[in-house]
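Keeping their order, the protein sequence lines are chains A and B.
Per the numbering used here, the very first residue in the first sequence carries number 597; after that it's consecutive.
Per the numbering used here, the very first residue in the second sequence carries number 6; after that it's consecutive.
Treat the hints as calculated values from the structure; they're not laboratory data.
A hint or two may mislead.
Claimed, not checked - If you anchor each label on the Cβ, the simulated ranges turn out as follows: (1) A/1001 <-> B/77: 16 to 24 Å; (2) B/26 <-> A/1001: 36 to 44 Å; (3) A/893 <-> B/49: 41 to 49 Å.
We treat Cβ as the ideally placed atom computed from N, Cα and C, and that holds for glycine.
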Amino acid sequence: MKRWRPFEWVVALRFLREGRMQTLFIVSGISIGVGVIVFMSALLAGLQANFIRRVLTAQPHIQLLPAKEVARPLGPPLGVRADAWVDAMAQAPLQRVRSIDQWQTIVAQIAALPEVLVVSPSAAGSALVVRGDASRAISAVGVEPARYFRIVAIPDKIVKGSSRLGASDILIGIDLATDLGVTIGDKIRLTSASGGANTLTVSGLFDLGNKGANQRTTFVALHTAQSLLGLEGGVSHIDVTVKDVYAAERIARAIRLETGVDADSWISTNAQFFTAVQAQTTANTTIRFFVGLSVAFGIASVLVVSVVQKSREIGILRAMGITRGQVLRIFLLQGGLLGLAGSVIGSLIGLLALVLWQRYARNADGTPLFPLVIDPLLFTIALVLATITGLLAAFAPALRAARLDPAVAIRG
Amino acid sequence: MADAVLRLQEVKKSFNLGLPNETEILHGIDLELWRGEFCAVMGPSGSGKSTLLHIAGLLDRPTSGRLQIGGLETTGLDDHALTRLRGRSIGFVFQYHHLLSAFSALENVMMPMFGDAGFAHASMELRAAELLQSVGLGPWRDQPAGHLSGGQQQRVALARALAMNPPLLLADEPTGNLDTQSADAVFSLLQAFNREHGTAILFVTHNHALAARCHRIVQVVDGRIQSDEAVAAQPQLE
Chain A
597 MKRWRPFEWV VALRFLREGR MQTLFIVSGI SIGVGVIVFM SALLAGLQAN FIRRVLTAQP
657 HIQLLPAKEV ARPLGPPLGV RADAWVDAMA QAPLQRVRSI DQWQTIVAQI AALPEVLVVS
717 PSAAGSALVV RGDASRAISA VGVEPARYFR IVAIPDKIVK GSSRLGASDI LIGIDLATDL
777 GVTIGDKIRL TSASGGANTL TVSGLFDLGN KGANQRTTFV ALHTAQSLLG LEGGVSHIDV
837 TVKDVYAAER IARAIRLETG VDADSWISTN AQFFTAVQAQ TTANTTIRFF VGLSVAFGIA
897 SVLVVSVVQK SREIGILRAM GITRGQVLRI FLLQGGLLGL AGSVIGSLIG LLALVLWQRY
957 ARNADGTPLF PLVIDPLLFT IALVLATITG LLAAFAPALR AARLDPAVAI RG
Chain B
6 MADAVLRLQE VKKSFNLGLP NETEILHGID LELWRGEFCA VMGPSGSGKS TLLHIAGLLD
66 RPTSGRLQIG GLETTGLDDH ALTRLRGRSI GFVFQYHHLL SAFSALENVM MPMFGDAGFA
126 HASMELRAAE LLQSVGLGPW RDQPAGHLSG GQQQRVALAR ALAMNPPLLL ADEPTGNLDT
186 QSADAVFSLL QAFNREHGTA ILFVTHNHAL AARCHRIVQV VDGRIQSDEA VAAQPQLE
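Taking the hints into account, I'd like the entire structure generated from these sequences.
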C-alpha cells in the first residue's frame, strides 16, 4: 500500500480494479460521451466563429449614425384631432447625408471605453461613377485607412494594385472594374447627388467575396468623400469594433445612452442570423446535456450494482470501525475517478476526431471547410464537468452504501 | 475492582418495532465478560445468539437495557462514536471469513489499522506481518485473499480481528465452515491469543467439544440465558 494515499483512495481504486470489466465498460461509455461533447463543442464553436467572422469581415461591430430627420408639424387647428393632423400633414422627409454632431468628441468618448478596440469615423454616400459611356451608381465610403482597415481588412482583399488611399485615390471592386473596363492607374469621375464631383485614380482592386458588394462599394480618403458628399469636416458614420462580439448589443446601448447618437450593433442589424446562431447553440447545449445525463446514469447504475455486490464487504468494513463518512467517500471517489478517467480518454478521442476532421473534411480546392480552434479550456472544462458529474452520480449509491446496516449487510 | 470488558444489563431486542409482527428476540440478557475470559455461547438455531453477539459488538442497538464496553456506557453514543469504539475495542470473526478479495492477506490484516489512522505506515505492515506469522501464514502474506484455502482465510480473518489488539473478541461460529483439523487449528489460535494477550473472547458455537475447552459456557434458549457455568479455571491475569 502506498503510504501517501489516504485509506478511501486505496479502497476506491482497488474496488474499481477488482470490477475490471464493469469499470472498463463504464469508462468506455463515459469516454464516448465526453468525446462526442468535446468534438461537437469544438466543431460548433469553429462553425459559429467562421459564420461570425464571415459576417463581421466586411462590417463593424457597432455603427453610429446621425439621427433620422423627422418632420415637426405645427399644432393642429382648433377642432382637429392631433393624430389626424399629423397623418395628414407630416409627410416623412427624405433622409439626406448628414454629419454626426460633435463627432470628434464622440469618437474620443467611445475610444476611451475599455471594451472598445477601434473607432473609425467615415463619410459615406451615393455617387455616380462615369467612365466614357459607362456609368454606375456606387457607394463612396470615405475612411481613414489607418483606422478603418483595422475594422475591415481591405488590404487583405486587394487582388490588384495596393490599398494606398491618397487624396485622389479610389479602391474599387473587381466587378465594378470589369463593368467600367478600368484597371490600376485609370481615372474615373465621381459625381454625388449634392453636386460634388471629383476625378480619382484607381489605386487598387478588391474582392469582398460578394458580387453585389464588389459592384457597388468603393473606398476613398475621408476628406475626399467629405468634399464629394458636401460634408466638409463632418462624418456620416462612426464604426466601432469591440473585444467581445457578443457584447456588441450591450455596448451599443451604453454608447447610445452616453452619447445620445443612434448606435446599431451587428446583432440587431443581423437579427435573423444571430437568432439562427443562438438556436444552434441551444440545440447543441441540449444534446450535450442529454449525453451528460446518460453518462451520469451510467455511472450511477454501475455504482448501485457495485454497492449491492459489495454490501458484505461494506458491512465488514463497518464492523472493523470504518465510519459512514469513510464509506461515503469511497463510493464518491469511485464516481469521481470514473468521470475523470472517462473524460481524459474522451478528450483524447474528441481531439483525435477533430484532427481527423481538419485533415479530411475539406473544400474542393483542398482548403479546410473552416478553421477549428482546439482550445485547451474546452478540455479543462470537460475534465472538471465529467469529474463533478461522476461525483454527483455517485452520491445516491454512496449514500446507500454509507447507510447500510452492518449487521444486516454481514448476514447478507 | 477493574471494569468488565463487556457488561450487558437487562438487554432486550425487538424487531419490527411498533408493527403488528413485532418480535422480541432477546428478553433481558445480563452478561459480564472479564479480561482473559474465554466464554462459549451455545444454544439452538434462532435462540438469539447472533443477535446477542451483534449487540455486544455494537453492530446493532438494544431496544432497551444497558451495554458497557470497558466500563464505558454506550447507549447514548452516536453512530460515529460507536463505530470508533467498535474499531478500537472489538474484534470480529464470523462463520464466513468476509475478507476483502481485492486485497492481499497482509493488506486485509492491515485494514482496521489503516482505516483508523487514515494513512498506511510502516508499523502497520510490521504488526500485520507479525500477526500473520503467528497464525502460520507468514509465507502467504502477499497472496490475494481469494487465493487462500478456507482454513487459511479464516486464520487471516482472525489475524485481522486482532490487528487493533482489542480487549474483546467476538467470534460467531468461526469454525462452523471448517473441517475438523482446520477448526481445531483456528480454535487453538483463539486460545493462544486469549492466554497470551488476555483478550476476552465470546465464542458462539454448536460444537460441544470446543465449548468444553472454554472457561465458561453460556446457554441461550429463546432469547434468555438458561445457564451460565464455569467449565475450567480461568488463568489469573494481571
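Checklist entry - Of the hints given before, which are not true for this structure? => result 2
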